[in-house]
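**Q** As a plain string of letters, each chain reads:
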Amino acid sequence: MDSGHTAWMLVASALVFFMTPGLAFFYGGLVRAKNLVNTIMLSFMSIAVVSIVWVLWGFSFTFTDGGALNDYIGNFTTNFGLSGIDVNDGGDYPALVDVIFQMMFAIITPALITGAFAERFKFTTYLIFLVVWITLVYSPICHWVWGGGWLGGDGLGALDFAGGTVIHINAGIAAVAAAILVGKRRNPGLQPNNVPYVVLGAAILWFGWFGFNAGSQLAADGIAASAFLVTNTAAATAALTWGIISQIKTGKMGAVGVATGAVAGLVAITPAAGFVGIWGALAIGLGAGIICFFAVEFIHSTGLDDALDVFAVHGIGGIWGAIATGIFAAEAIGGTPGLIEGNAEQVGIQAIGVIATLIYSGVVTFIILFILDKIPGLGLRSEESDEDLGLDLAAHGEQATVRDGAD
Amino acid sequence: MLKIEAIFRPERVNAVSSALLEVGVTGFHYQNVTGQGQQAGVEVVTGRGGHTTTRSAVSKTLLVSVVADDKKDEVVEAIVSATRSGEIGDGKIFVTPVSDAIRVRTGESGDTAI
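If you're matching them up, the sequences are chains B and A in order.
Under the numbering used here, think of the first position of the first sequence as 1, with each following residue one higher.
Under the numbering used here, think of the first position of the second sequence as 1001, with each following residue one higher.
Derived from the structure by calculation, the hints contain no laboratory data.
Glycine included, every Cβ here is placed at the ideal spot set by N, Cα and C.
Any given hint could be a false lead.
[As the list claims (entries may be wrong)] Anything over 10 Å on all C-beta distances counts as not near chain B; from chain A, calculated: (1) 1072; (2) 1089; (3) 1099.
[Claimed, not checked] For each label pair, taking beta carbons as the anchor points, the in silico distance ranges come out as: (4) A:1051 to B:71: 43 to 49 Å; (5) B:345 to A:1051: 38 to 44 Å; (6) A:1102 to B:403: 23 to 29 Å.
[To be verified] Under the rule of at most 20 Å between Cα atoms (straight-line distance), these lysine to aspartate or glutamate pairs were calculated in the EDC-like manner: (7) A:1003 to A:1077; (8) A:1071 to A:1005; (9) B:249 to A:1043; (10) A:1003 to A:1070; (11) B:252 to A:1043; (12) A:1092 to A:1005.
Please take these sequences and the hints and turn them into a complete structure.
**A** Have a look at this one:
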């Protein structure tokens, strides 16, 4: 084992972990003050629930050989409870590092979806949704791409360096299914309750994304450094692009818009991080800023209440990133040429990955939520009176800030 | 006794408190409020920076003081001189009668309690 690789991967895992609390603040700042605690809790509880699912069966189901079904899913029992993984197992780094690093990706993915149903989802149902969704949606798609399934390097050869398909397109389309089933908020707010939280959350996401993307090289080497750099470049480009469009359109450059642009850029560079250079990153960031900005506008015009724009930013940003990876991939960096280097076929392979993920995640998420909605005692939607009061008090008995001086 | 409620630009609060002290008014309280007057609200950016909308959320300070009847003109003049810029948004002053005041510490009431 190599201590350098091991040390970097442990640090990268902690960086990816920190993205979920960052997301909690990013989303928390965007909602109304009466739902701030609830929105933060939706992300935070994903850490608590998915961590347990992952060490019990999630890792095994995703990353072991599924035998006859290996194209689609791993084996539920091979590493159940991490049985069969010895602390001394591993190659460049311990096998347990794979468990840890991949766990952080599984944690943030359903947390991303929560933006779609923020301010109105029934909290107890959400906890059950987490268990079911990780098992039936996340594990299969992750297996397709990284677990030896049909879509990734052992199959069709779709490029997804750090999870544009597995995490972002997956969460983005699941968000659409959730927004449709849970319905519109009774009274959507106009303004975020805390813009500094939004920017703080985006900054933590950006910081954590260095572990997400550079860590996905699974080694402390030159590609990891390149992935780190292009990640930063794309995020900066998209943030600036978004801000400029906003300035032209409204006469002001809002911090919420710029922070959202940064996240869109981070999403878009995710699948490409180990395959493109800085010119690719600049193009991907520029595209993400423009495409996701107008995707937000478009989704709003449809009346779908994807409350925190999960599909427009993660879904559309992820799709742009997946296709752009096929366009801008540089053979000298990641070993696979893209469209610009004459390999038009790669764009088609990327598109297959996108479409398969959209269909599978969209349909299965819809079915899961549809069933949860029908089970007595569960249901998706908060009581109307709870929604009006705010879910902080209704679901958690807490307020984000208590302003009176009483003891 | 009269209750003076003055709504003015938040950045004028120090000037108002100085002006009140100069005319011998030592007791008042104030808070941050939002609302709208002739400017009909404030423009805010909504969504993710793609739109603007108008909200009744112009920030103002609301200051309340209770003064003796014969101090009215002096106090109003002090507040006006500390807050007037001549532009829309300078604020309003409301004057209402107060039937009594009680000082909690001593139990005194009426003008001596304010």
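**Q** Run every hint past the structure and note whether it holds.
**A** Verification of the hints:
1. 1072: Per Cβ check, residue 1072 of chain A is outside 10 Å of chain B; nearest 33 Å; holds.
2. 1089: holds (19 Å)
3. 1099: holds (28 Å)
4. A:1051 to B:71: 43 to 49 Å: The hinted range 43 to 49 Å holds for residue 1051 of chain A and residue 71 of chain B, with Cβ atoms some 46 Å apart.
5. B:345 to A:1051: 38 to 44 Å: holds (41 Å)
6. A:1102 to B:403: 23 to 29 Å: Since the Cβ atoms of residue 1102 of chain A and residue 403 of chain B sit about 27 Å apart, the hinted range of 23 to 29 Å holds.
7. A:1003 to A:1077: It holds: about 15 Å lies between the C-alpha atoms, which stays within 20 Å.
8. A:1071 to A:1005: holds (14 Å)
9. B:249 to A:1043: With Cα atoms ~14 Å apart, residue 249 of chain B and residue 1043 of chain A stay inside 20 Å; holds.
10. A:1003 to A:1070: With a Cα-Cα distance of about 12 Å, the restraint between residue 1003 of chain A and residue 1070 of chain A holds, given a limit of 20 Å.
11. B:252 to A:1043: holds (11 Å)
12. A:1092 to A:1005: Judged against 20 Å, a Cα distance of about 8 Å means the pair holds.
Hint compliance for this structure: no hint is broken.
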